[in-house]
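Chains as they are written, first to last, in my numbering: chain A, 1 to 156; chain B, 1 to 730.
It cannot be assumed that every hint is accurate.
What the hints assert, rightly or not - Taking CB as the label site, the calculated pair distances span:
#1 Glu19/A with Asp171/B: 31 to 41 Å
#2 Glu551/B with Ala128/A: 33 to 43 Å
#3 Ala347/B with Thr119/A: 37 to 47 Å
#4 Lys142/A with Asp108/B: 37 to 47 Å
#5 Asp325/B with Glu19/A: 34 to 44 Å
#6 Ser311/B with Asp80/A: 35 to 45 Å
#7 Glu70/A with Asp226/B: 29 to 39 Å
To be verified - Straight-line Cα separation of at most 25 Å, PhoX-like style, residue types lysine-lysine; simulated pairs:
#8 Lys656/B with Lys142/A
#9 Lys152/A with Lys142/A
#10 Lys656/B with Lys668/B
#11 Lys616/B with Lys142/A
Since the hints were made in silico from the structure, they are not lab data. Just so you know, these numbers come straight off a predicted model, no measurement behind them. Where a beta carbon is used, it is the ideal one built from N, C-alpha and C, also for glycine.
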Amino acid sequence: MTFTLRVNGKAYEVEAEPETPLLWVLRDNIGLTGTKFGCGIAQCGVCTVHLDGRPVRACATAAASAVGHEITTIEGLSDDNSHPVQRAWIEHSVPQCGYCQSGQIMSAAALLSRTASPTDSEIDSAMAGNLCRCGTFLRIRKAIHSAAEMAKSSGS
Amino acid sequence: MVTEMKLSRRTLIRTMVGAGGGMLLGFHIPGVFAAMVEPRPWTTPTDGIEINAWLTIDVDGTVTIRVPHTEQGQGALTSVSMMIAEELDVPWSSVQAVFADMNRHVNDGEEYIATTTYGSQLVRTQHPHIMQAGASARERLKAAAAQAWGVDRVDVVARQGKLTAGDHIADYVTFATAAAEITLAAEPTIKAPEHWWLLGKPTPRLDVPVKVNGSAQYSIDTRLDDMVYAAVKCCPVPWGRLRSYDFDTIRERKGIIAAVELKAVDGNTGVSDMQNGVAVVADTWYRAKTALDLMPIEWDFGPEVAVSNDSQAEEARLLLEKTGDVSNEVGADVLGILDASDHIVTAEYHRPYETHARMEPINATVRVTDERVDVWSPAQDQALPLRVVAEHLKRNTREVYVHTTFIGGAFGGNGGGATAVTRQAAEISRHVGRPVKVIWTREEDIMQDKQRPPVHARLTAAIGGNGLPEAFFSRVVWFSHRGVERHGPATADQSIHTMPYLVPNRRHERHNAVAHIPTATHRAPGANQNGFIIEQFADEMALAGDWDPLEWRLEMTKGLEPWQRVLLKLKEVSGFTTELPKGEGMGIAIVEDHASICGACATVSVTRRGRLTVEKVVLVMNSGYVINPLNSTEQIEGSVCWELSHALYGGLDLRKGRFMNNNFDTYKLMRMNQMPDVDVHFALSQDGWWGGIGEPGGPPSPPAVANAIYFATGKRVRSTPIANHDLSWS
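Next comes chain A alone, as it looks inside the complex (with noise of 0.2 Å):
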C-alpha cells in the first residue's frame, strides 16, 4: 500500500506493507541511513527515533501506525550539530565506533525535552534501552549533563 509519511518536517510517499517496521522505510525507503539496525526486536535502541517528541524504537513500530504523526531522525535534530545533545557529545568526545549514537543522542534528547535536569537514575532508566558495545555509557551520562546545563544557560 502507499502511505505519506512526515519525516523532520517534510512528507514523503512510501509504498510498502504495513507492518513493515518503520525502521526499515525510513532507511530503505526514504534514505535516512542515520538511524541503524542493531537487532529487531527493540532490546538494543540504535533505530531510536522520535515519534511526535517521544522515544520509539523504529524496528518495532509499524511504518502505518506513524502515519499522521511527527516522526524525527538523527538527521532532523539540527541542521549544524547545534542541539544542546550534539554539543555535549562532541565535548565529551562519546562516540567510538559510532554505530548505536544515534539511538543513544535520541534517548539522550527525548529524556531532557521531559525532565530539563535528569539525575543519574533517571538518566540510567531513560537510556536502559540503548547498548553501546563500546562502553561509552559513563560518557553518555556526563554528556546528557552537560546538554541539560548547556539547555538551561541557553533559555531553551
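Starting from the structure of chain A, add chain B where the hints point.
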C-alpha cells in the same frame, strides 16, 4: 578535558573524514541526503599535491592524510593523522583524514606496508613506518626549499606548515610538487618522544562530529542505483548441509526476485569461509527477510547436532586427566613437588563461548559488472575483502575496488567474520546481475559468528614455608575450530603460561581440543578468558599463604619493572584493602596483553540476598608510551564494559550443535545502569618498548570483580557468567 566547541563551517570541513572511497562526507544539511547516502566508486582524492602515498597538501594549507587502516572505534583516523602531523609539523587544525585506496595498495607494491587493524598494534608496532612517512615528507619539503633558496637543507626550518631559512619564508604547498620528485640520500629517523609537540597530548578524535548527526557512513548504509537486498540463513549447526528449500512458496510475494543457494567454502584451507545456506533476494531487505522466514528449509545438521556446552564439559573433564602439550616449564619436577607437598591449593575454572555482537550486524554490498567489481565490507583489514572477492569471482585484483566506510565495531571478529558475508554478496550479485546488499539478522550474526573459544582449566600450587608458592601446575583445555591453528594453540593458555609470577618450579600444559564451531580472535584473545582464571587463582594462592593479594603480587614480580610500576601506582590510587565490612569488597588483578600491563582494582557490594553491584573499577595502564591520552582513556573505559559484559552476563548457550541465545534478549550485555565508575591512570615505563591500548584494558576487570566478590561474600566464583551464581551470604 573540555573541548572547545567548534561549529564554524570551515572547522567542520577540517574535521570531516572521507568514506565510500574518496568522498568527503558532507556535514549534514537536510535536503541533500541523496548525495550523502550513495557512496561513489573509488577515485583517489585529486585535491592537493601528493608528496607520498600517505598525504597531500592543498593550496589552502589543508593536509589530507590517507589512512590505510579501518576506523572501528579504536581511533585509527586520529592516531595515524597525529603521527604524520607530528613529523610533518603542520597545525593540527589543518589536518583532515580520508581512507586510503586499497586497490592502489594491493596492486601497486603495498605502499602502506600494513592495512591490518587488529592486535592493538597500529601505534605500538606501526608507528615507526607511519611517522617515517611524515618525516620523509618534511625533509623532502626542506630539500626542495633549500634547492630553490640556495641554502643547505639543515638550515631550513619546517614548522607548523611554514618553511623558513633566513629571510626566506614559504608555505609547504609552495614546494610540494618539487618535494614529491626528490629522493633523499638517507631517509630521516623518527622523533624521540621528548621532542613530540602533538603526540602525548589529549586530542579530540576527528570522527566525532560526523558521528553525532547520522552522516557517518557505515558499510550497512551503502545505497546504489538498481541495488537489491538479500537476507541469508545458513545452517544453524555450522558445516551442516542445506537439504532443500521451497522457493515456490514465496516466489509470488511482492518484491521477491530470487533465491540463491550458498555452498560452504572451507575456511580451513582458505582465507575465508562461507557456510552452507540459502539467500532470498528482494527489492527491500525487509521483504527479503520476511519471505526467507516463511520459506520452508530443510537442513542436514550432521553429527555435530549432538554437541553442547555439557558435552564439551564432559570432554574437557576427561582431557583434564590426561597429559597435554607443554607450553612452558621452569625448574624442577613440579608434579613430584606437588605430590610431596602437604599444602596444596587447587581449583577448576571455566569460561564459555562468547560472541562479538558488534552493534553493526555483519553485512556487505557487492556490485559485479564486466568492467569492475565494487565492494563495501566492514572487514578489519580492507585489503582482505578485495583479495577474497577477486579470488571468489576469479577477477584480477586491479578490477576490484573496496570502498572503506566506518565500521560499527569489530573487536577481532571482522577479520574472517566479515569476509564470509562479502563472499556471499559477491556470489549473489553475480547470480542476479545487480548490486546486492546482504545483511545478516542479529540472530544470524550471532549464530554464524566466529566465536571466542571456551576454556576449562585446572590450576594447582604447592605453598612453601614462607607462604609463597614453590610449585605451580596448570592444565588448560580449550575448543578452537578444527584445523584453525592460527589463533592457537599458544592463546589457549596465554596469561597462564606467561604469568609473571616468579614461582621457582612451574609446568603448564594445554589441550587444543577441536570443535565444529568456528572461532576467532576476540578483543584481547587468550587474556580475556584466562586473566579471569590466573588472577583469581593468584588470590587463592596468596590467601592460602596468608598474604595480602597486593603485597603478594609485588613480592612475586620483584625486579619486573613494568609490573612493579603498575602495582605500586595501583596501591597509591586505589585504596585497596581487605578490611571492609561483609557485603563490601575490593579486589585486584593485573594482566599483560599485547605487550601492555594493566592493573585493576574493583569495588563491589553484594546484598545478603546476593544482588551484586560493581561500584567502581580503578585501572592503571602501562603501555610504555601513549600518543593520545584522551582516546587511550576512552579505549580503556570501553574495554572494562566489554569484558565485564561477558563475565557478568554473557555466555553462549550451545545446545544441539548451535547457539540458542542469539539476540540481545537472551545474550545479555552490560547496560548503562550496570556500568561501574571507571577511573583510568597511566604508569608508563617510557623505556623503549611500546604496548597496545585498544584491548589490554579489558582482561583485569573480571578477576578484580571476582576477587572483590570473594572478600564481600566469602564465595569464589570460578566460572562465568557471574550472574548465574548465587552470591547470597549471611
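Consistency of the hints with the structure:
1. Taken as a hint, the range 31 to 41 Å is violated for the pair Glu19/A and Asp171/B, whose Cβ atoms sit roughly 60 Å apart.
2. For the pair Glu551/B and Ala128/A, the beta carbons lie near 40 Å from each other, so the given range of 33 to 43 Å is met.
3. For the pair Ala347/B and Thr119/A, the supplied restraint of 37 to 47 Å holds, since their beta-carbon distance comes to about 42 Å.
4. Remark: the range hint 37 to 47 Å for Lys142/A to Asp108/B is upheld by a beta-carbon distance near 46 Å.
5. In this structure, Asp325/B and Glu19/A break the distance hint of 34 to 44 Å, their C-beta atoms being roughly 56 Å apart.
6. At roughly 58 Å, the beta carbons of Ser311/B and Asp80/A sit outside the given window of 35 to 45 Å.
7. Separated by about 33 Å at the C-beta atoms, Glu70/A and Asp226/B satisfy the suggested range of 29 to 39 Å.
8. Restraint check: the Cα-Cα separation between Lys656/B and Lys142/A comes to about 44 Å, which exceeds 25 Å; the hinted pair is violated.
9. The suggested pairing of Lys152/A with Lys142/A holds, with an alpha-carbon distance near 16 Å, which does not exceed 25 Å.
10. Using a Cα cut-off of 25 Å, the hinted pair Lys656/B and Lys668/B holds, with the two alpha carbons roughly 21 Å apart.
11. Taking the CA atoms of Lys616/B and Lys142/A, the gap is about 16 Å. The hint holds against a cut of 25 Å.
Hint violations for this structure: numbers 1, 5, 6, 8, all remaining hints satisfied.
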